[in-house]
Amino acid sequence: MILNYKELDWQLIVATLLLSFIGVAMIMSAQHFADSTFKQTYYIRQLIWLAIALAVFAAVIHFPFRMYDIGSYLLYGFALLLLVLVLFVGYSRMGSFRWLSIGPMNFAPSDLAKLALIFVLARYFAYTKLPPASKRRLAFSAVIMMLPVLLILKQPDLGTALVFPVILFAMWYWSGLSPFYLLLILSPLVSIIAASHWIAWAIYLGLLFVFLFVYRPGLIFGILIFTANLATGSIMPLMWNRLAEYQKLRILTFLDPGTDPRGAGYQIIQSKIAIGSGGIWGKGFLGGSQARLDFLPERHTDFVFSVLGEEFGLWGSIIVIGLFAFIFIKAIRIAAKCRSKFASNIVIGATTLLLFQFLVNVGMTLGFMPVTGLPLPFLSYGGTSLVLAWSLIGLIVAAGYRWQEY
Amino acid sequence: MNFGREKISAAERSSYAIGFVILIMFFCLAGLIRLQLFEHKRLYKMSQDNRLRVLPILPKRGLIYDREGRVIVDNRPSYTISVIPVEEVKYRTLPQLSTLIGFDTSRIRSRIKSNTVSRYQPAAVKRDVPFETIAILEEQYNRFPGVSYQMERVRDYLDRLGVEAFTGYVGEISEAELKASGAEDLRPGNVVGKRGLERQYDRLLRGTEGTSHIEVSASGQIIGEYKDELPKQPTPGADLWLTIDIDLQKACVAAMDTFCCGGVIAMDPRNGEVLAMVSFPSYDPNIFSGVIPESLWQAISTDSTHPLLNRPLRGLYPPASPAKLVTLGAGLEEGIVTAHTTFKACIGGYQFGNRFFRCWKAGGHGKTQAVQSLERSCDVYYYQLGAELGIDKLSYYYGLSGFGSRVGIDLPGEYKGLNPNTDYYDSTFGKGRWSRGLVLNLAIGQGELLVNLFQTVQFYCGVVNGGKVYRPHLVKIIYHPDQAPETVTPELSFKLPFSESTINILKEGIRLVVEGEDGTARHLKNPNYSIGGKTGTAENPHGENHSWFIGVAPFESPEIVVVAIIENSGHGSEIAAPMVGKIIESFMKKRDGNKELILADESESKGEDE
Chain A
1 MILNYKELDW
11 QLIVATLLLS
21 FIGVAMIMSA
31 QHFADSTFKQ
41 TYYIRQLIWL
51 AIALAVFAAV
61 IHFPFRMYDI
71 GSYLLYGFAL
81 LLLVLVLFVG
91 YSRMGSFRWL
101 SIGPMNFAPS
111 DLAKLALIFV
121 LARYFAYTKL
131 PPASKRRLAF
141 SAVIMMLPVL
151 LILKQPDLGT
161 ALVFPVILFA
171 MWYWSGLSPF
181 YLLLILSPLV
191 SIIAASHWIA
201 WAIYLGLLFV
211 FLFVYRPGLI
221 FGILIFTANL
231 ATGSIMPLMW
241 NRLAEYQKLR
251 ILTFLDPGTD
261 PRGAGYQIIQ
271 SKIAIGSGGI
281 WGKGFLGGSQ
291 ARLDFLPERH
301 TDFVFSVLGE
311 EFGLWGSIIV
321 IGLFAFIFIK
331 AIRIAAKCRS
341 KFASNIVIGA
351 TTLLLFQFLV
361 NVGMTLGFMP
371 VTGLPLPFLS
381 YGGTSLVLAW
391 SLIGLIVAAG
401 YRWQEY
Chain B
1 MNFGREKISA
11 AERSSYAIGF
21 VILIMFFCLA
31 GLIRLQLFEH
41 KRLYKMSQDN
51 RLRVLPILPK
61 RGLIYDREGR
71 VIVDNRPSYT
81 ISVIPVEEVK
91 YRTLPQLSTL
101 IGFDTSRIRS
111 RIKSNTVSRY
121 QPAAVKRDVP
131 FETIAILEEQ
141 YNRFPGVSYQ
151 MERVRDYLDR
161 LGVEAFTGYV
171 GEISEAELKA
181 SGAEDLRPGN
191 VVGKRGLERQ
201 YDRLLRGTEG
211 TSHIEVSASG
221 QIIGEYKDEL
231 PKQPTPGADL
241 WLTIDIDLQK
251 ACVAAMDTFC
261 CGGVIAMDPR
271 NGEVLAMVSF
281 PSYDPNIFSG
291 VIPESLWQAI
301 STDSTHPLLN
311 RPLRGLYPPA
321 SPAKLVTLGA
331 GLEEGIVTAH
341 TTFKACIGGY
351 QFGNRFFRCW
361 KAGGHGKTQA
371 VQSLERSCDV
381 YYYQLGAELG
391 IDKLSYYYGL
401 SGFGSRVGID
411 LPGEYKGLNP
421 NTDYYDSTFG
431 KGRWSRGLVL
441 NLAIGQGELL
451 VNLFQTVQFY
461 CGVVNGGKVY
471 RPHLVKIIYH
481 PDQAPETVTP
491 ELSFKLPFSE
501 STINILKEGI
511 RLVVEGEDGT
521 ARHLKNPNYS
531 IGGKTGTAEN
541 PHGENHSWFI
551 GVAPFESPEI
561 VVVAIIENSG
571 HGSEIAAPMV
581 GKIIESFMKK
591 RDGNKELILA
601 DESESKGEDE
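Protein chains in written order, with the working numbering: chain A, 1 to 406; chain B, 1 to 610.
To be clear, the hints were calculated from the coordinates, so they are not data collected in a lab. What you are looking at is a predicted structure, and each value in this text was computed from that prediction instead of being measured. C-beta: ideal position from N, C-alpha, C; glycine also. Wrong hints could be hidden among the right ones.
Stated by the list, open to error - In silico lysine-lysine, BS3-like type, Cα no more than 30 Å apart, as pairs:
| id | chain 1 | residue 1 | chain 2 | residue 2 |
| --- | --- | --- | --- | --- |
| 1 | A | Lys39 | B | Lys113 |
| 2 | B | Lys507 | B | Lys367 |
| 3 | B | Lys90 | A | Lys39 |
| 4 | A | Lys39 | B | Lys45 |
What the hints assert, rightly or not - Here are some, though not all, of the chain A residues that point toward chain B, as calculated from beta-carbon distances under 10 Å:
| id | residue |
| --- | --- |
| 5 | Gly176 |
| 6 | Gly278 |
| 7 | Gly309 |
| 8 | Glu310 |
| 9 | Ala325 |
| 10 | Lys337 |
| 11 | Phe358 |
| 12 | Gly367 |
| 13 | Phe368 |
Said to hold, decoys possible - Calculated Cβ distances over 12 Å to all of chain A for the following chain B residues:
| id | residue |
| --- | --- |
| 14 | Leu100 |
| 15 | Ser106 |
| 16 | Gln369 |
| 17 | Asp392 |
| 18 | Lys468 |
| 19 | Ile503 |
| 20 | Tyr529 |
| 21 | Glu544 |
Looking at chain B on its own, in the form it has when it is part of the complex (with noise of 0.2 Å):
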């Protein structure tokens, strides 16, 4: 080829073009005599007795373990039975499945259709199928043309720990669910966190989905992996490691065994590490791992002891007693006490305008100064407090508590509760037509005022911590699949409108709540570890009294708030009381048999180095 600058000729020019065309001809060929020749035997066997199919490998769901280590939820294998839809023989596929796995054929046909994702995949149909099913459709596959079945893994909850509170359960995912993630990787009949953390880290648990190239032979057994193609690995979930730790957990569920209705929190106050969250009824979240059928659902939605509540995160009630605190510190803040104001005597009651306010002491309190009345809890103290407030103050302060707004913790569908102000009066009774009495009953924690346990107990957390008040969480570390494990950092979430001095004599209440002489609480005294705590009891129209209580232990350096709520029990001293100091008592248990365990473990050491 002429290679110089000068023009070619025009002979030469076509001649080159001429050539170059017979090049892509012979190019083409090349690629047609490739195939044609020397692959046809194999292409050929592929297109006429196998097909290519492609299959998601589905990812390792990541697991969830406790503060420790210990597994919460596991992965344990099972068996999808499926339908290829293209592979469906009308009039026998659908019957003959009907009668191996007990469907009715219009659900079979149901769930293909919410499950296909193309007519060349399997759509699930039913799942965690016992292996006797599988073993039938093996030996007989040829009464089933189109049903083919996966080996999954499903959910393994820790049973009977309550663990769901917090965990949530997972499931397929719905129609709508589909629209609304617009996840590109998400197909139906995929399963999918719906609540709890499950659903809150589901990104996260869920991994990337692989996808695998099968030979299938034209009944539709899998004849293997069509080797020009490497499988995609799928890329597991993360593990999550919680702030729970399940001692604790299982401390919580034994205390609450023998009421009904309730939930109870513990809670690090140094950090918003949740040490234990429990709902009580519960129910057993690995029912959902399957298809749960019609009937124990109904029995479960219908239950009127509502298990399926999740009581610390939606439950709200009225804070009642523990509410105190934070009238009292509006009070000191405000400059409307000190710590040495006293009040009218407490007579068992007080008389506000033509309404007579009761005092849960029949007898009465007497006088009491700042601590004193947190001590016994006096009403009548909050309401002559209450009174000089009123409601937009108080509404202030228990707003900057964190009551009525939502803890941001990392659980979905927290409910944020209730703080009235004249506003919420005036829109809801009219413009004036409102009893000024109502700030007595907000005083102490009732009335209109709701809050949910969270809230409670990281307002605690707060007092005992110096005002610093820690996000409430649950996940401590996540371990991703190809990354360094991620650790989760506390998070100061607000700080409580108290100064340092205000703290002081709310922390000297909470103490004599259980050391003072007539602390509510002082049956919870013991000589091995301090505790300061707050009772409560919730006014409940519809029935007996809600009991309440906040623990806090050790008292000096608090590790562990605990605030539990008992509903339609009764007194918070006699019920709630005893049940958190039982927790509190596992804990301190579990803490100090480490502790000797550390420095037995110490004294070993330094004798060998001796």
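Okay, chain A solo, but in the shape it has when bound (with noise of 0.2 Å):
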């Protein structure tokens, strides 16, 4: 298909460019003194890595639209086969079975469920009569999400997993769903936190039954909603103790990083170490000690956002957060314009799971999110995650080259 390629939305494609480049940068810096040429040429790799981004990236927007609709219950069957199939043959690390095998190449099917729930969804919301707020439409949806987050959950990898519900909220809120449904879902959550203490949780839960008295969104909904918050308050405590040890060591770590210090407690340590000590303007290129020091653990892949920290600064991040920002707003401006519902959907979805990635990830550089293991989008080393966060925004640009389509 030839494009018109000036129509091409190029201020996304230059802003993207750029933090790949500095990316690479950044993992040249990381490994720049490290004992071995291996490590040193990390960046040699991401640059090929990039190479490789970019012509998916390219295909990616030349692909029509319409095929990706016809195509996506296909690749959502697709990914739930390879989920189970990593259950059996896949290669493990750390106990849990998360990659398979192809070649060289190590995949993680998760990735490929992430896209194929944002096609399936996005096709599901475009299409369907039913009401935003039908009981039909929510449980269909959620038992779409659910099925590759069991198999995930059942490798175990609970930070993945996590992006599926918050794939699915955004969708919701996006195809219609108003914001009083959507804080009664997301109540469940409050009811955890609030029955750490049982006055806490029982105000909590007397307040939530005269709400639902009142406004009354429906008999069954409402007693659903309520049966959830009494649920998740009571069985967490039981579900604690099911959580294999290195979950429970990374929330306690997060609610106390000196549980362990010296696993993921040292890392944050030496994370904001290394951030604090940049200041306004950075140590300057390669001049960071944290990192050069092995100080910093991960830190070409997890931590990237710190050895830019460290060595830029304020302005350095503050660039580097105003060009996701950049990214983040075009892309709902794009969402909002585009004439396709499915197109809309799609470009929700692929934002949702950068911006996911993005807060969980500097979050965690910061202190402030428990350590996961997610990958910062475009920035960290690793072919797999480059690709994939091209591939998104070659849906986002795609999308918004043909806005006008229906």
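Assembling the complex is the task here: the two chains are given apart, and the hints tell you how they should meet.
Right, here's the structure in full:
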């Protein structure tokens, strides 16, 4: 397909390219003083991956959008199949089966499942005649979301599984579910927090009951919400005991970094020292002592933002955050502009995925999110992550280019 | 915001979404500003001049006390010199350190390698370094880049009381132990129990490590604690109160003093508490606290008297005459003899087939009944009884009396000995290719039968305790750091396979060994308290006989059973019996002294009441 290349959203593309190159520079700096040439040349491999990602991006924008529409359920089924497969023949690291080996590459089916979920939900919400708050609609979309989540929890990989409900939630919102219902659906989360003390929990449940009684969102819905609140508040302590040891540790470490000072807590402390020591202007390219002295673990992957904060300080961080903000806002504008509901939903799904990873990763390096091991899109070292992020941008750019199509 | 149930407009929808994105961005910005503006100075200093280091805080290893709370194993402070691998300067650190502590560089290198936990944590090179060395290090720390020292507690054992027989000792964990333990809290360089109670109760004694974050300057000097992280305090190890009575232990060591090799155990028959345990020759467990010099290790491990052999636990001996109680018990139970049965008279030996089996008394004992046979320890009586019983019956009773299987004391490494039966002889010598006469030797506790001292002492405890055998144990109370003290309850191990009447006959025999006119240990008889016992002389093909004695006191209601074996020394009645007599004397003196004190106390307080 021939495109009118002038009509592409070049601002969006350039902003993303800028982020990717900043990433390459940070990866180079992070391992510049490493003791092996293999580590020192991470950035070259990242450049090669960037070339591949750009090729994928080009392919995505040339692909007719209607094909995604037709193929979405197929892709979803394929992703589920791979998720089942990975449980049996997966390549395991640290006790969880997350990767499939294809030749020399390790590929995580959960990445494909994220894309598939976005496609399926986008299609379902684009064509369903049911009103946004209809129970059947809510339930069906929740089931679609839960299937891959259950398979991923079986691996087990809690961090990745968290993305799926977030995508569903964003799609609900975008396809017209009013904040009233959204808040009600979120209320069980509040219940978990309130359940830490029984008086607080009782007051909370009382208030919820009164609220439901006065506003009457529908009898069955109301009962469901109330039961969900009751259940999460009372079952959570039991669920806690079923978490894997490292998951408990990560949550505990997040709540109190002192509990595991040699592991995840140590990483957070070192990350905070790195970012904080950068100050306003930073220590300059290749000037970060935290990174150089080997204090900061995983600095080219999960903690690449800490290297940026140390070497380029507040101004560098603001530029990166600004670029991300620019991309996200642009994407939401595109989603609002699209005439095709399907394309609009796709753009929102893609944006949500990127935004969620951004928040969780940056939040982790700043010390207010738990250590989850989610990479920072475009910046972190890693081929699959980069290709996935660029294909999401490809979808957004393609939708923007064809905004007039129905 | 629209809280109604109706759909929100598309325009509203996207502006809320954009608002949400901006909110998240400001959230991140706030985090950045907090770290990079408000905390910048502190964090910058930390990254530039200082290094953050995670240091383990070693817990205090639990102490070991005797039954009256007197310290047996203490901790004393000492200095350990370590090297932080990442800060080592090539061709400088090691040669300099070598001149300081006297290890050659290759030894230091291998010590660092085996004790490295992480490149940022000190790896112990030499423990228990004198203060003078530390003073040099402190003064000239520039000369020793990467070298640091830590205060550590080193075990301090009561010296010259033979306590190592049960305490064992500690040492640096070996690579194999580290792998085998599977414990997550153990790291290279940790000190763990290697033998004895130190090993058996290592998990309890060790405690749990704490951690602290330390800021260290570029030259390796500790600046102070990292303020943001409170150190996680270590949990000290549990203290152990043993069943051992140090006074009695002392008495045992004093009584053994003139002999070369052997072992003594004193036990309370009413509950299995081990009151004293000595292995001779002893060694000083303190030498293992630091790094033991190669020459000393060579000397101790090649010593022909085997000081490292724990005689009570791992020394295996023929039980000799003390085993006659089992043979007699078996005969009584099987109905082969009654209390009044006599066999052919003893004429100083017994002709069995074409072989003449000697009695220890060349002049012979004449005819004896059951009880006298024990009193005089007449071998001929037992040759005949044994021949009637046969090997498998005898072996069956030996087995049920606890011989040939571990007593299960709370010490690692017990040897179980050997209780042979026909299967054993068939497989060793070939089916039917062994003499029937072997049973005669087994009947007097000789031949292939091998037992350890704990099996012997627990058997006699059982006999004087009406057949009930309590499991020998060494720990009386465990003082956990944060729980109520745990008192170890005596455990009934097994019951002897003898009826009450059999046991009474055996007891009478034991009594007469000391009290009887012809008793083999009649010289122990004294007016103050009654003693029972059994002598034994184990034939030793390699040299002089081993001398056995088991003493029981006070006989009417026994509170102590002492077993002793003195290697290569001669007759039980001449060597071991007087020695055990001394130990019992000291026990009874203390016991009666305490009683008098208590009586005095009571009368005093009564006086006040009136």
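The hints, checked one at a time:
no., hint, in the structure
1, Lys39/A - Lys113/B, "holds, 25 Å"
2, Lys507/B - Lys367/B, "holds, 20 Å"
3, Lys90/B - Lys39/A, "holds, 24 Å"
4, Lys39/A - Lys45/B, "holds, 28 Å"
5, Gly176, "holds, 5 Å"
6, Gly278, "holds, 6 Å"
7, Gly309, "holds, 7 Å"
8, Glu310, "holds, 8 Å"
9, Ala325, "holds, 5 Å"
10, Lys337, "holds, 9 Å"
11, Phe358, "holds, 8 Å"
12, Gly367, "holds, 7 Å"
13, Phe368, "holds, 6 Å"
14, Leu100, "holds, 27 Å"
15, Ser106, "holds, 24 Å"
16, Gln369, "holds, 70 Å"
17, Asp392, "holds, 54 Å"
18, Lys468, "holds, 44 Å"
19, Ile503, "holds, 54 Å"
20, Tyr529, "holds, 61 Å"
21, Glu544, "holds, 60 Å"
In this structure, none of the earlier numbered hints is contradicted; all agree with it.
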